[in-house]
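**Student:** Here's the letter readout for the chains.
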Amino acid sequence: MIQIKDLKKQFGDKIAANIPELTIEEGSLIGLVGNNGAGKTTLFRLILDLLKADSGYVLNRGLDVSKSEYWKTYTGSFLDNRFLIDFLTPEEYFYFVGKTYNMTKEMVDERLAMFSRFMNDEILGQKKYIRNFSSGNKQKIGIMAAMMIRPQLLILDEPFNFLDPSSQLEIRDMIQKMNKEENVTVLISSHNLAYTTDICSRVILLEKGVIINDLANSLEAVANLNSYFVKQAVATD
Amino acid sequence: MLQKELQGHQWKAFERHPMYGRNMAVKIFMFLVFGMIAVYLLMFGFILSDLLLEVGAYSRGIDSFNYLLLYIFLADFLLKYMFKQSQTMQIVPYLALPVKRFRLFNFLLTKEFSNVWNLYLLLMLLPFVIKSVIPYYGAISTILYMLYIYLSCIGNSLLVNISNNLFRRNGWFLFLPVIVVAIIAGITFIPGLDVCDYAVRWGEWILEKNLLAWGAVLLVFGLFWYINLSMMREELYRALQGKKISEGGTFFRLSFLERLGSAGEFINLELKMIARSKRLKQQAFFGLFFVVYYFLMIDSEVFKLTYFFPLFFTMFVVGWVGLIMAQYMFTAESSFFDGLMTRNVSLLSMIKAKYLLYVSCSVVLLLLLMSLVYLGKLDFLFLVSVFFYTNGFLLFLMFQNAVYNKTYFSHAESGLFNWKGTSGNMMMVTMIAMFIPLGIVMIIKGVFSAAIAYYFMLIVGLGFVLTANLWLGWTYKRFLKRKYINMDGFRSDA
Chain Z
20 MIQIKDLKKQ FGDKIAANIP ELTIEEGSLI GLVGNNGAGK TTLFRLILDL LKADSGYVLN
80 RGLDVSKSEY WKTYTGSFLD NRFLIDFLTP EEYFYFVGKT YNMTKEMVDE RLAMFSRFMN
140 DEILGQKKYI RNFSSGNKQK IGIMAAMMIR PQLLILDEPF NFLDPSSQLE IRDMIQKMNK
200 EENVTVLISS HNLAYTTDIC SRVILLEKGV IINDLANSLE AVANLNSYFV KQAVATD
Chain X
19 MLQKELQGHQ WKAFERHPMY GRNMAVKIFM FLVFGMIAVY LLMFGFILSD LLLEVGAYSR
79 GIDSFNYLLL YIFLADFLLK YMFKQSQTMQ IVPYLALPVK RFRLFNFLLT KEFSNVWNLY
139 LLLMLLPFVI KSVIPYYGAI STILYMLYIY LSCIGNSLLV NISNNLFRRN GWFLFLPVIV
199 VAIIAGITFI PGLDVCDYAV RWGEWILEKN LLAWGAVLLV FGLFWYINLS MMREELYRAL
259 QGKKISEGGT FFRLSFLERL GSAGEFINLE LKMIARSKRL KQQAFFGLFF VVYYFLMIDS
319 EVFKLTYFFP LFFTMFVVGW VGLIMAQYMF TAESSFFDGL MTRNVSLLSM IKAKYLLYVS
379 CSVVLLLLLM SLVYLGKLDF LFLVSVFFYT NGFLLFLMFQ NAVYNKTYFS HAESGLFNWK
439 GTSGNMMMVT MIAMFIPLGI VMIIKGVFSA AIAYYFMLIV GLGFVLTANL WLGWTYKRFL
499 KRKYINMDGF RSDA
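These protein sequences, in sequence, are chains Z and X. Each residue of the first sequence is one higher than the one before, starting from 20 at the first, in this note's numbering. Each residue of the second sequence is one higher than the one before, starting from 19 at the first, in this note's numbering.
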């Protein structure tokens, strides 16, 4: 699904991404982990063509994301609040996004009904603009807009952030379900090791923009990750 | 001690405002604008006494000024009502500290003394009182008169705070200032009741140091201060909760635009953005104000004094939606640009939709201005040529310049004297876009004739309107070349 080759991005002297090679297979569920500043969001931005790489390229189903825009037709993503049009109500926003993917209002409503438990009666019908929702509910709106379009590739940055424990479990299950039942390729980044190792078939560990470990999920991998973060914490102390 | 500390924080907030971190061009432009306004006010104050002697109903300038004072304060009230921001949220960081709220509220109110909104009239008044008041009443009365104006300006601000507070409690209070304005305007027409004569007498009492008059001024001022203090607690809770103002109102959706596909979607989005963005809404209001002003000024001799004013104002009135909003193209979308770029939408559709909207609004304004052609107040050829020149050549320049927009734009902030989200380049080119074409037309008119200048505008404008599809596509391609730099700017300036 995604192929990355010699990808480099630097901000001043700081290396934000330096990935010689990375392949993400169709239908896989990948977790990106790493401490703050490891380059997870930068990598997502490069995959979504929101940043220009200093060198190298990202192919999405064989298409260079910086040269073709076709990948947008099957890619759903939510990185941060900049994806939300905050002067719209959630309904207006969902319909607007739906329309860009040729979805009718009925199709959007039908799709949103699947998220009713996740919304917990706090999103729709509130007569509020998105800018006035809590961080958690903004997060939910962004995630739902990304999932609603029936993507074949789903990219979510820190999807568990700001969410209450029930919603975290909910989103974890939804991601897993979409991956299993709809064969959606999913890329998530998270600081929540438990959830990431729980659902991802492969976990990529980033540090200062470099992949330092690429592990198929197993008990051994979980132990490796845990020991890495413990070492990092000790080193900081 | 606390007061000093808080003032220090206010100064730091002012000094470290992102606006001052901008490039030199913006700083120079800002100082030029403020300097120009200050010089304009001082100059106006200087000629005011002569002007009032010439057109006023009284033999002394100060009497005519007192006669007008009621209307000056009315205009001041309306201006503040529309543009002045609530300051309550400024004290939020101090709420959890062991500081009495009452002291914080008092601090907020004392800030009114140094608020530029309450000082600008004094700038105009200074040369006026030197020429028109000192000779009659002496220095002490003049200083007291200045103090009276100053207190009245602050009182007006306090009144605006009260009106805004009431409005936030209940939408129906919006009609309160409207009713007050209507009453004051209506009083003038009541036969036998010369309100302005009372105003002149009142001014004299102030100047003659009448204790009753001064007592009344201080009493009203104190009352407004007290009401503000007592309302602030609730205002603070309301601002912290942020719910009432945040309720999403219903907004019309122009369903017929759906036939235009994604362009229609973008027009709907743009309309919602203007209606729901504090800053854009204020800019739109500014444009509407000019339209009203234009209709009032069209018969004025001053308006026809030079060729520049009719041309400049007509251009602005015909194309104000585009000329104002195109400045913010891309940057107005900065807060959701990442989302836009990852969706299955074409930016070209957005650019085309914007142009379509601006031209459609311009057509409506053209039809409105046709009434002036019908009344013989405007020349048909002039109006049509201005329409095409504005929607063709001027918008072409604005759109081309917009690709350099790379700053974050906050919809929640006020628009007046707010340059955040406006690059120095954008300002410069906007000025050039407005004045160079004007200069060209004026030269042609000077060398040849007005008719040739109109035909020049018509032909050039028509050329750009007919080739709009082409240059809109070019704008899109130019933006794509800069998209990473611009998107980075949208993010880093937040």
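If you're looking for bench data, these hints aren't it; they were derived computationally from the structure. Any given hint might turn out to be false.
[What the hints assert, rightly or not] Calculated pairs, DSS-like style, for lysine-lysine (alpha carbon to alpha carbon, straight line, at most 27 Å):
(1) X/K290 x Z/K86
(2) X/K499 x Z/K147
(3) Z/K118 x Z/K196
(4) Z/K71 x X/K499
Just so we're clear, the structure is a prediction, and the values are computed from it rather than from any experiment.
**Student:** Among all the numbered hints in the text so far, which are the ones the structure does not match?
**Tutor:** 1 and 2
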